[in-house]
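S.K.: Quick note, the sequences are listed as chains A and B, same order.
Quick note on our numbering: the first sequence kicks off at 1 and runs consecutively.
Quick note on our numbering: the second sequence kicks off at 1 and runs consecutively.
Careful, some of the hints might be misleading.
Said to hold, decoys possible - FRET-style restraints, in silico, Cβ to Cβ:
no.: 1; chain 1: A; residue 1: E138; chain 2: B; residue 2: V33; range: 41 to 51 Å
no.: 2; chain 1: B; residue 1: A36; chain 2: A; residue 2: T127; range: 16 to 26 Å
no.: 3; chain 1: B; residue 1: L6; chain 2: A; residue 2: I353; range: 47 to 57 Å
no.: 4; chain 1: B; residue 1: L43; chain 2: A; residue 2: G211; range: 26 to 36 Å
no.: 5; chain 1: B; residue 1: R22; chain 2: A; residue 2: I163; range: 58 to 68 Å
no.: 6; chain 1: A; residue 1: Q322; chain 2: B; residue 2: I20; range: 25 to 35 Å
no.: 7; chain 1: B; residue 1: P54; chain 2: A; residue 2: F118; range: 15 to 25 Å
no.: 8; chain 1: A; residue 1: W246; chain 2: B; residue 2: Q72; range: 32 to 42 Å
no.: 9; chain 1: B; residue 1: F12; chain 2: A; residue 2: W246; range: 17 to 27 Å
no.: 10; chain 1: B; residue 1: L43; chain 2: A; residue 2: G260; range: 34 to 44 Å
no.: 11; chain 1: A; residue 1: P173; chain 2: B; residue 2: A36; range: 55 to 65 Å
no.: 12; chain 1: B; residue 1: L61; chain 2: A; residue 2: F118; range: 50 to 60 Å
no.: 13; chain 1: B; residue 1: V46; chain 2: A; residue 2: G240; range: 40 to 50 Å
no.: 14; chain 1: A; residue 1: W246; chain 2: B; residue 2: L66; range: 45 to 55 Å
As the list claims (entries may be wrong) - DSSO-like cross-link-like pairs, simulated, lysine-lysine; straight-line CA separation at most 30 Å:
no.: 15; chain 1: A; residue 1: K135; chain 2: A; residue 2: K62
no.: 16; chain 1: A; residue 1: K62; chain 2: B; residue 2: K65
no.: 17; chain 1: A; residue 1: K83; chain 2: A; residue 2: K181
no.: 18; chain 1: A; residue 1: K7; chain 2: B; residue 2: K21
no.: 19; chain 1: A; residue 1: K7; chain 2: A; residue 2: K241
no.: 20; chain 1: A; residue 1: K7; chain 2: A; residue 2: K135
no.: 21; chain 1: B; residue 1: K69; chain 2: A; residue 2: K135
no.: 22; chain 1: A; residue 1: K7; chain 2: A; residue 2: K300
no.: 23; chain 1: A; residue 1: K62; chain 2: A; residue 2: K83
no.: 24; chain 1: A; residue 1: K181; chain 2: A; residue 2: K5
no.: 25; chain 1: A; residue 1: K215; chain 2: A; residue 2: K7
no.: 26; chain 1: B; residue 1: K23; chain 2: A; residue 2: K7
no.: 27; chain 1: A; residue 1: K5; chain 2: B; residue 2: K23
no.: 28; chain 1: B; residue 1: K23; chain 2: A; residue 2: K135
no.: 29; chain 1: B; residue 1: K65; chain 2: A; residue 2: K135
no.: 30; chain 1: A; residue 1: K181; chain 2: B; residue 2: K65
no.: 31; chain 1: A; residue 1: K241; chain 2: B; residue 2: K69
no.: 32; chain 1: A; residue 1: K300; chain 2: B; residue 2: K21
no.: 33; chain 1: A; residue 1: K83; chain 2: B; residue 2: K69
no.: 34; chain 1: A; residue 1: K5; chain 2: A; residue 2: K300
no.: 35; chain 1: A; residue 1: K300; chain 2: A; residue 2: K83
no.: 36; chain 1: B; residue 1: K69; chain 2: A; residue 2: K181
no.: 37; chain 1: B; residue 1: K21; chain 2: A; residue 2: K5
no.: 38; chain 1: A; residue 1: K5; chain 2: A; residue 2: K355
no.: 39; chain 1: A; residue 1: K300; chain 2: B; residue 2: K69
These are computed hints drawn from the structure, not numbers from a lab.
Because the structure is a prediction, the values reported are computed rather than measured.
The beta-carbon is built from N, C-alpha and C at its ideal position, and this holds for glycine as well.
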Amino acid sequence: MNIEKGKISSSQILFLLAGFVQGSVLLIDFTVGITQQQTWMVILAGLVITAPFILSYVALAKRFNGMNLVQINDMVYGRFLGKVLSAYYIFFLSMTLSFNILDIGELYVNFLMPDTPFIFLLAVFATVCAYAASKGIEALARVSHLFVVTEIFIIVSTFILLIDQMDFSNFLPLFELPFIKIFQGIHILSAIPYGETLVFLMIMGRLNNTGRMVKYTFGGLLIGAMSLFIVSIRNTAILGKTQTIWTSASFQSIRLIDIGTVLTRMDFLIGVAQTVLIFFKCSLFFYALVTALSQLFGLKSYLPLILPLAGIEVILAATVFQSPVDHAMITQNAGIIYSAPLMYVFPPLTLLIAKIRNLPGQERGGGR
Amino acid sequence: MIFLLLIYALIFVITAPGLIKRKEWREFAAFLVVYAIAFALGLMYVLGIPIPSPMRGLQYLISDKLGLKYPQK
Numbered sequence: 001m002n003i004e005k006g007k008i009s010s011s012q013i014l015f016l017l018a019g020f021v022q023g024s025v026l027l028i029d030f031t032v033g034i035t036q037q038q039t040w041m042v043i044l045a046g047l048v049i050t051a052p053f054i055l056s057y058v059a060l061a062k063r064f065n066g067m068n069l070v071q072i073n074d075m076v077y078g079r080f081l082g083k084v085l086s087a088y089y090i091f092f093l094s095m096t097l098s099f100n101i102l103d104i105g106e107l108y109v110n111f112l113m114p115d116t117p118f119i120f121l122l123a124v125f126a127t128v129c130a131y132a133a134s135k136g137i138e139a140l141a142r143v144s145h146l147f148v149v150t151e152i153f154i155i156v157s158t159f160i161l162l163i164d165q166m167d168f169s170n171f172l173p174l175f176e177l178p179f180i181k182i183f184q185g186i187h188i189l190s191a192i193p194y195g196e197t198l199v200f201l202m203i204m205g206r207l208n209n210t211g212r213m214v215k216y217t218f219g220g221l222l223i224g225a226m227s228l229f230i231v232s233i234r235n236t237a238i239l240g241k242t243q244t245i246w247t248s249a250s251f252q253s254i255r256l257i258d259i260g261t262v263l264t265r266m267d268f269l270i271g272v273a274q275t276v277l278i279f280f281k282c283s284l285f286f287y288a289l290v291t292a293l294s295q296l297f298g299l300k301s302y303l304p305l306i307l308p309l310a311g312i313e314v315i316l317a318a319t320v321f322q323s324p325v326d327h328a329m330i331t332q333n334a335g336i337i338y339s340a341p342l343m344y345v346f347p348p349l350t351l352l353i354a355k356i357r358n359l360p361g362q363e364r365g366g367g368r
Numbered sequence: 001m002i003f004l005l006l007i008y009a010l011i012f013v014i015t016a017p018g019l020i021k022r023k024e025w026r027e028f029a030a031f032l033v034v035y036a037i038a039f040a041l042g043l044m045y046v047l048g049i050p051i052p053s054p055m056r057g058l059q060y061l062i063s064d065k066l067g068l069k070y071p072q073k
């Protein structure tokens, strides 16, 4: 039995995915300190390396049409092992959601509303995400294109407004960083904006037509990746080496916009865009988390768990890291290592087992 | 503290009566478990009791014990 009744179209998955990846625009700062002026390369390399794994997510969703990740795990690995694996996924969803809620809290406390109590910001934001998730995936899909178009407009317009201040020699020298730094950068970007798209394994089962799923999934991924790429190019061309010392390179570069002393202090644009996109990303994470947990418990509806789960996420977000430095250090190491099996091992393995056992062909009639 | 009690009372009032009325006992039990965890965490936060971070535990296990980490310099 599936706990969500809503349906979305293949074209909506394009905007959902694009908005989801764009929601990580500020998170490229995790990599900037490591890969410096070569961040743009790492963004592209991360996309190329993660693409086959994302293809395995799509292949799984197509093969197990109408089923979510918890149902797929139960069918492929059996009830016990499947539930253990689903619990691992739920832990990942819960932790990553709390990091994203924390990101919005840090964004507001550091740049926009420094006098507002931190826990209040987290609680309000989590409540709004919980409300959005309670409306179901259909409602989120219907507004996704607005978020994506707004972000593209802001990225392109700020790029154009800053073009006269750009210094493209900031990208030099190329290939001077040690390989391990590039590898770590690729791992971070592969895991954070791209690998996190595994939440779509809880969403793709709601597609009404899986016909053009690969095309739309990669279309969305490409729009998201291009947004990250343009932001990275803009920040490096404007700030050069100094981008590594700022708390947020995007905020700093946008603050430099000065068109005839009329168009200045445009950083509010980044604040608005990021609030909207992190809200969108968190709502998708929240939806995936609450539906996965409800499916694991075998509930008929996920609605009763939404508000208490929001309460847990707020406290996790407030206590999971001691400081932004702690946040960056743990994310750049343990954070991307513990989630690696979920992104790079289990989806292809599940697909392989399903092919060998010819699933879901035999069990579909009686399978949950 | 008062805010915490008010918020959790409100969550209970919004969610629980409907579940009891519809006799959705499985949903009610799941709600109570998640609600109890959320309330306990909220109470610990408000009373200033340190809440162990799962990520610190993972960092200890993965980086310190297993030695899986990227070089810092």
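S.K.: I want to verify a distance hint. Is the separation of the beta carbons of B/A36 and A/T127 within 16 to 26 Å?
M.R.: holds (20 Å)
S.K.: Straight-line Cα separation of A/K300 and B/K69 no greater than 30 Å?
M.R.: violated (42 Å)
S.K.: So the hint says 17 to 27 Å: do the beta-carbon atoms of B/F12 and A/W246 match that?
M.R.: The hinted range 17 to 27 Å is violated for B/F12 and A/W246, with Cβ atoms some 44 Å apart.
S.K.: Is the straight-line distance between the alpha-carbon of A/K7 and that of A/K241 30 Å or less?
M.R.: The hint is violated at about 47 Å.
S.K.: Within 30 Å, alpha carbon to alpha carbon, are A/K83 and B/K69?
M.R.: holds (29 Å)
S.K.: Within 30 Å, alpha carbon to alpha carbon, are A/K241 and B/K69?
M.R.: Distance ~25 Å between A/K241 and B/K69 Cα, so the pair holds.
S.K.: Starting from the hint 34 to 44 Å, judge whether the C-beta atoms of B/L43 and A/G260 obey it.
M.R.: For A/G260 against B/L43, whose Cβ atoms are near 55 Å apart, the range 34 to 44 Å is violated.
S.K.: Honestly, do A/E138 and B/V33 meet the 41 to 51 Å range at C-beta?
M.R.: About 28 Å separates the Cβ atoms of A/E138 and B/V33, which means 41 to 51 Å is violated.
S.K.: Given the hint that A/K7 pairs with A/K300, test it: the Cα-Cα distance must not exceed 30 Å.
M.R.: holds (17 Å)
S.K.: CA of B/K69 to CA of A/K135, is that 30 Å or under?
M.R.: violated (40 Å)
S.K.: That 15 to 25 Å hint for B/P54 and A/F118 (C-beta), does it hold up?
M.R.: holds (20 Å)
S.K.: Between the alpha carbons of B/K21 and A/K5, is the straight-line distance 30 Å or under?
M.R.: Roughly 22 Å separates the two Cα atoms, so the pair holds.
Checked against the numbered hints listed earlier, the structure breaks hints 1, 4, 6, 8, 9, 10, 12, 14, 16, 17, 19, 21, 24, 29 and 39; every other hint is satisfied.
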